[in-house]
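The whole structure should be built from the sequences, with the hints applied where relevant.
Protein chains: 4
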Amino acid sequence: MLKIAIVGATGIVGQQAIVSLLGHPWFQITKLVASERSATKKYIDALRDANGSIRWWCPEELPADIANMVVEEAASFDPTSVDVIFSTMDAGPAKELEPKYAKTTPVISTASAFRYEPDTPILVGGVNMDHAALLAVQQKNRGWKGFISPKSNCTIAGLVVSLKPILDNFGVKQVVATSLQAMSGAGRTPGLSAMDMMENVVPYIAGEEPKVETEPQKILGKLAGDKIVNAPFGITATCTRVPVIDGHLVVAFVQTEKPCTPEDVKKVMTEYGKDFAELHLPSSPAHLIDVTDDPFRPQPRVDRDKGGGMTVTVGRIRKDPILENGIKYVCLAHNTKLGAAKGALQTAEYLVKNFLKLV
Amino acid sequence: MLKIAIVGATGIVGQQAIVSLLGHPWFQITKLVASERSATKKYIDALRDANGSIRWWCPEELPADIANMVVEEAASFDPTSVDVIFSTMDAGPAKELEPKYAKTTPVISTASAFRYEPDTPILVGGVNMDHAALLAVQQKNRGWKGFISPKSNCTIAGLVVSLKPILDNFGVKQVVATSLQAMSGAGRTPGLSAMDMMENVVPYIAGEEPKVETEPQKILGKLAGDKIVNAPFGITATCTRVPVIDGHLVVAFVQTEKPCTPEDVKKVMTEYGKDFAELHLPSSPAHLIDVTDDPFRPQPRVDRDKGGGMTVTVGRIRKDPILENGIKYVCLAHNTKLGAAKGALQTAEYLVKNFLKLV
Amino acid sequence: MLKIAIVGATGIVGQQAIVSLLGHPWFQITKLVASERSATKKYIDALRDANGSIRWWCPEELPADIANMVVEEAASFDPTSVDVIFSTMDAGPAKELEPKYAKTTPVISTASAFRYEPDTPILVGGVNMDHAALLAVQQKNRGWKGFISPKSNCTIAGLVVSLKPILDNFGVKQVVATSLQAMSGAGRTPGLSAMDMMENVVPYIAGEEPKVETEPQKILGKLAGDKIVNAPFGITATCTRVPVIDGHLVVAFVQTEKPCTPEDVKKVMTEYGKDFAELHLPSSPAHLIDVTDDPFRPQPRVDRDKGGGMTVTVGRIRKDPILENGIKYVCLAHNTKLGAAKGALQTAEYLVKNFLKLV
Amino acid sequence: MLKIAIVGATGIVGQQAIVSLLGHPWFQITKLVASERSATKKYIDALRDANGSIRWWCPEELPADIANMVVEEAASFDPTSVDVIFSTMDAGPAKELEPKYAKTTPVISTASAFRYEPDTPILVGGVNMDHAALLAVQQKNRGWKGFISPKSNCTIAGLVVSLKPILDNFGVKQVVATSLQAMSGAGRTPGLSAMDMMENVVPYIAGEEPKVETEPQKILGKLAGDKIVNAPFGITATCTRVPVIDGHLVVAFVQTEKPCTPEDVKKVMTEYGKDFAELHLPSSPAHLIDVTDDPFRPQPRVDRDKGGGMTVTVGRIRKDPILENGIKYVCLAHNTKLGAAKGALQTAEYLVKNFLKLV
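Chains as they are written, first to last, in my numbering: chain U, 1 to 359; chain P, 1 to 359; chain B, 1 to 359; chain V, 1 to 359.
Worth double-checking, as some hints may not be accurate.
Listed below are several chain V residues computed to face chain U (Cβ distance under 7 Å; list not exhaustive) [what the hints assert, rightly or not]:
(1) Asp49
(2) Ser53
(3) Met198
(4) Glu199
(5) Phe296
Hints were generated in silico from the structure; no laboratory data involved.
All C-beta atoms in this analysis are idealised placements derived from N, C-alpha and C, irrespective of residue type, glycine included.
Have a look at this one:
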């Protein structure tokens, strides 16, 4: 078993990381790491708020052995005490601490701090595994034994999976996207106000649209030597928040380079990702994409847990009535599974198996 | 006072029509008309369901004098007994009965039955009042003393208002729209299932997208002699249902003919509709469009009631990062006020004052 | 016109106080007062948050003249500059500042700071107006020209109104109550978390049950000389939070001293409060209680706005199957209207007319 | 493996029964049975609505082998073709068909049709397993080889589990209960209206209170010879519907015969059900009751799935301030797991193992 530390363990993404790793066949959580405020406390005590309530937000129960682990402090944490570090810190501390850890130890990160570095790939399971080679460039550039491998923004997690087979088969020229995002993406402390979200939609998420409009081109880009050449298409997005707990829905209007029918798109999506599935990574679903013919689907509450929250559901694929080579569809991904901790874990699994060759 | 009948009075739109007309300075409800099932009953008794509950759905209280009116039957209703008919029937009965009424009496309709007839305008307050002249063509064509004037689809009510000043000033080339529609648009008997809508989004509304993709071009078209020449732009839409009671939000990506800045768009929207406002129609708001600089707005629950539910709120106007001459924004309209009965009433007010010259 | 200051004007209750006073026939808002943080700013600027959003939470629009008033600081505010002070501060500052103001000026307060003082009544419109005489005792005891008149806890606002006619006619022996409380009662900064309240119930509200279990006995007590003798019945309560915006629902199991039928209770509730209504206070509803026969009512969203949010709706009155002299019912009151600012305003109206005799 | 038929298989409870039985170690679903409308169709086709949508409502995926089973008709179904029948029919058809099946075959039923027959127990897992002996009386009385064993009303499922250890240790004199019930209890066709439930509470559930007020006394009664002597305490209830998907919360005010402290109650609840757990029935949880010290719990969305939806969570145990020997608490049970199909399955497991001795 590989020893894994979760840094940022008390936050909502850290909690999801814990849940993702429960009973994992390759990884064992041996360290829980957090800020000074939590350090030296038992994990369960670090979760208590001022009212004494335990702020454990996952539906899964917190196992007693995890609850009783003593939290270490991130600033003084010894990265060589584990084989892999799962960083779920906020961007600020991530910027400072992840490079320190990476000197010696592989860091899988859910933070955005290093996503836009030229020598850093944004790996998405099954989409751009060849980009993992860029981590060797990163190691060389920076003189690290470890590396930093960040996950993508959660909103595009489903979009890039759905775009990949279209890009490979028909080319992508342009994407117009509107997201209807779940509330869990806003975190928990304090997160969104119930009075703001009840029976309402908020048509803005600070800082989100620039990520949606730029990350996919890098993820879907081509590795050329020691850098990635971005995929040459444009994306424009409007990101909204809807009263849903989990599951980001993206309404996409895609123009392809070559003409294709909705049936063509359905076919390439359905067949997509078989080789990745055959790696049999523990967190991978049997199908990366599930295409539904029910026009009323995908729905966040109903479809988000498909494939353990790792399958993207695509529906309403149809010909666009006005856009040249236009295809319209709706895609859904679980933002706190595929789009966050579990998606990062899937990448970790790929890297320890195929890049580090540790399992 | 002009005598007005509400036909389809027991349905949700009929109820909203009643509310819109309470205390109206020009119109007095003198007849409530509905299907055979309700006819000869007191209105309040016609609203009772099997459990004895009174299915009056408006937040406003049902006045006693309306409650006690005896409902007449639509099939045998004498249209000459009133000056104006406010039809809120479903499309089926509207198709059959509205022409009978229109032989003698003006019919303002919320039904879609006649929207697509070449000699029938789809009037939207302040947007295309000149199209009212087509009603004279309709009268002549069909030998009617009255006419049928249908309102638009509720989803586009806000979109066309927001597009009109753009079209007039910069031209419109193309619109990509995603709607986040409120549940009240689905009616009440039975309407949507609570289990389907709770903490969820349904990405499809049967029959909606074709209306959104075609009605605006007619509404924003030019009257040329005895017909309307559609505005020459394309619209593509995806319509979704969100857990909101009232207020349809439309996320719009608009390409204009001439370049314009967000400030330009804000300016023409803010100045728009002053001449219409100066008609001082009883149901018209002081501002047809309210442009907000708060990026978190418009929000359905918070902004829908602006201007008595008749003002369209536009926010997040910004330059599109990839579309040529592209502008992005979000607009909100109250689907059961501007988008339904009260919007139709505003049209009725315009017609009795400026077309029929009865007030 | 009487000059009124709102102290605590930027908070949610202060905002509701402003709305309650718009267009008031007797009071004119001449001062807006708040903490140091807001002082010297224009009111609308004091409402801006870090994102620049204006945190005005009322559905009613903020009038321009109010928006442009310059906020004064509570600590240095001169109470003699107004005729009446409307205090919507939190309990802490209220404890300190209200007595300073009361030396010279009547203070109507929504805070709990002075509710439990023996020389201070908790006035509820139409329920215990005779308790106003205790304010003269308070003035004498404390050497004040003004006074402090606090409103009740919002949860019991509807309960005490519904209990009063039962108490007067049949006596009350015991009350078992479960509240289903709206989220607005928890305030706005930060208020409740959307993730906690979505599709959920929280069965606890810190500090609420002791208030529900003790305030009604004082409010429904008898003024005897210079003190109130509490009504001699017990209340036990469980208070829960439900995903509703406004409107506290209380499920009550009441045992009376004398036997009575549901019809008896309906009759005394329906007839209740006529003398108070005849005072024609501007904020008073035509009926203090509206008894509904529809078993599915009262419902918070549907019934809360009755009588301008000042009418209590009672439904499901029925004989208890096991409790001696037991009656069961459900009552609903608008927690931010009757239960907060507007309820306090109604008391202010009574006091300026009947106690201070200023109008 | 025992062969089991699900009768009423297309309804929501039937679907939950299917899910409960997936991968079951003792039972294999060999027949799906429904009304004439569904008979002879493949199961998945029987689920399709007029729009072509598959009305499968469980979050778990429908397995292909179940989807492809051909549905048989309930009226002509041969009960001898299976070992056990799981009836999830409505009360009407249950009244007629269950006795026909019971002539030859054990029937576990979620319907209320036979609950109140003197020779029929209402078995609740771990609470009254000794009542199973009454099934032998039923068989003798009616000349049946099989039997009918109905589950309890879903609202009381958690209440009776929480009352049992109190009754055994301290006696129960009286219960005042208010339920906050989830929407899934109202079924799916059509179920509740989204417009009625959004941001609202409905304080009435037709037919529910009489069941809550009478079933517990039978379930908690004593088997004496060939009949059950009801437990001698009274219950009064108000049942409300809240916007929650699953999980019925009951607010209880209990008066015991002997005095007891909250700590006493916590202790007997925590220790309760160990002997039943030791039977290791496949659907039984490790703990029948989980007592939480967090005052903000139990919450429906957060706690309903504990123990696979079979554990009752009790919180807020405290001394009542006015009731003699009074204890207050809140309890939560998953209404469509413990309170419906999975609860019935747990009973089926007990009966095949300990009454029929088939495993």
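Hint-by-hint comparison with the structure:
1. Asp49: 10 Å, violated
2. Ser53: 5 Å, holds
3. Met198: 6 Å, holds
4. Glu199: 5 Å, holds
5. Phe296: 5 Å, holds
Hint 1 alone, counting from the list given before, is not met by this structure.
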